[in-house]
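Participant: As you go down the protein sequences, you meet chains A and B in turn.
Following the numbering used here, the numbering of the first sequence begins with 1 at its first residue and continues without gaps.
Following the numbering used here, the numbering of the second sequence begins with 1 at its first residue and continues without gaps.
It should be emphasised that the hints constitute simulated quantities derived from the structure, not laboratory data.
Bear in mind that the values here come from a model prediction, so they are computed numbers and not experimental data.
Check before you lean on any hint, since a few could be wrong.
Said to hold, decoys possible - Distance condition first, Cα-Cα at most 25 Å in a straight line; then the derived DSS-like pairs of lysine-lysine: (1) Lys-78/A to Lys-12/B; (2) Lys-52/A to Lys-52/B; (3) Lys-32/A to Lys-12/B; (4) Lys-12/A to Lys-11/B; (5) Lys-11/B to Lys-41/A; (6) Lys-11/B to Lys-78/A; (7) Lys-36/A to Lys-52/B.
2 protein chains.
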Amino acid sequence: MVEAEIYITLKKDLADPQGITIKRALEALGYKNVEKVGMGKLIIINLNCDDKIEAEKQIRQMCERLLANPIIEDYSFKIK
Amino acid sequence: MVEAEIYITLKKDLADPQGITIKRALEALGYKNVEKVGMGKLIIINLNCDDKIEAEKQIRQMCERLLANPIIEDYSFKIK
Chain A
1 MVEAEIYITL KKDLADPQGI TIKRALEALG YKNVEKVGMG KLIIINLNCD
51 DKIEAEKQIR QMCERLLANP IIEDYSFKIK
Chain B
1 MVEAEIYITL KKDLADPQGI TIKRALEALG YKNVEKVGMG KLIIINLNCD
51 DKIEAEKQIR QMCERLLANP IIEDYSFKIK
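Kindly generate the complete structure, drawing on both the sequences and the hints.
Facilitator: Pasting the structure below:
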């Protein structure tokens, strides 16, 4: 069994309205030193697979086929 | 300037309909060895602050006051 943590973020320079909203809310709470906030997704997958290399291959495929939208998103992941 | 990566996940044993939907979609694509999928949030904050200890304190406060819902979510973060 392996656990994969997948991080999906918007590509640089794309509008990130959720991030902007969080930044404003933080400023309203008094945090004036927030330069930028980016909002992404964290997906944790437990895979029945004992071979880390094979797991990595599968997770990369899953990201490209389903989890990330390659037009607007970047992904990275860590296998534990 | 420090960058903080904040990981917000649902507490264990709480219903995670997004995770279940992703698991089903992966199975439909032929990935039969997916044991569990959990969906969380990734928030990246760039903070104008040169003191890592101070940044850590602020980020923890932000998580508790705004970013995570302590009733149903856990958070962790990494300062870079």
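Participant: Compare the distance between the alpha carbons of Lys-52/A and Lys-52/B with 25 Å, and conclude whether the hinted pair is satisfied.
Facilitator: Violated - the C-alpha atoms of Lys-52/B and Lys-52/A are around 34 Å apart, more than 25 Å.
Participant: What's the verdict on Lys-78/A and Lys-12/B, does the C-alpha distance respect the 25 Å limit or exceed it?
Facilitator: It holds: about 20 Å lies between the C-alpha atoms, which stays within 25 Å.
Participant: Taken at face value, is the distance from the CA of Lys-52/B to the CA of Lys-36/A at most 25 Å?
Facilitator: holds (17 Å)
Participant: Next pair to validate is Lys-11/B with Lys-41/A; report whether the Cα-Cα distance is within 25 Å.
Facilitator: Within the cut-off at roughly 16 Å; holds.
Participant: Taking 25 Å as the top limit, are the C-alpha atoms of Lys-11/B and Lys-78/A close enough?
Facilitator: Judged against 25 Å, a Cα distance of about 21 Å means the pair holds.
Participant: Given the hint that Lys-32/A pairs with Lys-12/B, does the C-alpha gap stay at or below 25 Å?
Facilitator: Violated - the C-alpha atoms of Lys-12/B and Lys-32/A are around 34 Å apart, more than 25 Å.
Participant: Is Lys-12/A within 25 Å of Lys-11/B, Cα to Cα?
Facilitator: Cα-Cα ~30 Å, so violated.
Consistency note: the structure conflicts with the earlier hints numbered 2, 3 and 4.
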